[in-house]
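**Q** Sequence:
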Amino acid sequence: MRPRLAIRAIRPRRAIRPRLAIRAAAGFAICAAAFLGLVRPSSGEMAALETSDLRLIYHRSTLNFLAPYAAQCFE
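Residue 28 is where the sequence shown starts when you use the numbering used here, and the numbers rise one by one after that.
Hints in this document: simulated from the structure, not taken from any laboratory.
Note that the structure is predicted; figures quoted are calculated from it, not measured.
You may find that some hints are simply not true.
[As the list claims (entries may be wrong)] Across the chosen pairs, the derived CB separations fall in these ranges:
no., residue 1, residue 2, range
1, Arg-50, Phe-101, 57 to 65 Å
2, Tyr-85, Phe-55, 38 to 46 Å
3, Cys-58, Ser-88, 31 to 39 Å
C-beta: ideal position from N, C-alpha, C; glycine also.
The whole structure should be built from the sequences, with the hints applied where relevant.
**A** See below:
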C-alpha cells in the first residue's frame with residue numbers, strides 16, 4: 028500500500044478590502060482635521076512688557092502686579 032500524499036490547495040491570502048481601507052483612512056483624516064482645528068495656541072496666559080532695555084514676558088494671572096516694578100529696575 029502506497030502512502031497518500033496530502034496535497035492541499037494553496038489559497039491566496041485575503042486581500043484587504045480597498046473600500047474598507049479607504050473609509051478607514053478618510054475617517055482618520057476627518058478626525059485629525061477636526062481635532063487640529065479645535066486646538067488653539069495658549070498665549071492667553073502670557074503677557075509681555077517692552078521697554079528700550081527690556082522685554083519681560085510673564086504670566087498675566089499671577090505676576091501682573093509685579094511687572095511694572097520689575098521694568099523700573101532695568102531703567
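**Q** Hints first: check each against the structure and report whether it holds.
**A** Here is how each hint holds up against the structure:
1. Arg-50 to Phe-101: 57 to 65 Å: 60 Å, holds
2. Tyr-85 to Phe-55: 38 to 46 Å: 40 Å, holds
3. Cys-58 to Ser-88: 31 to 39 Å: Because 33 Å falls inside the window, the suggested range holds.
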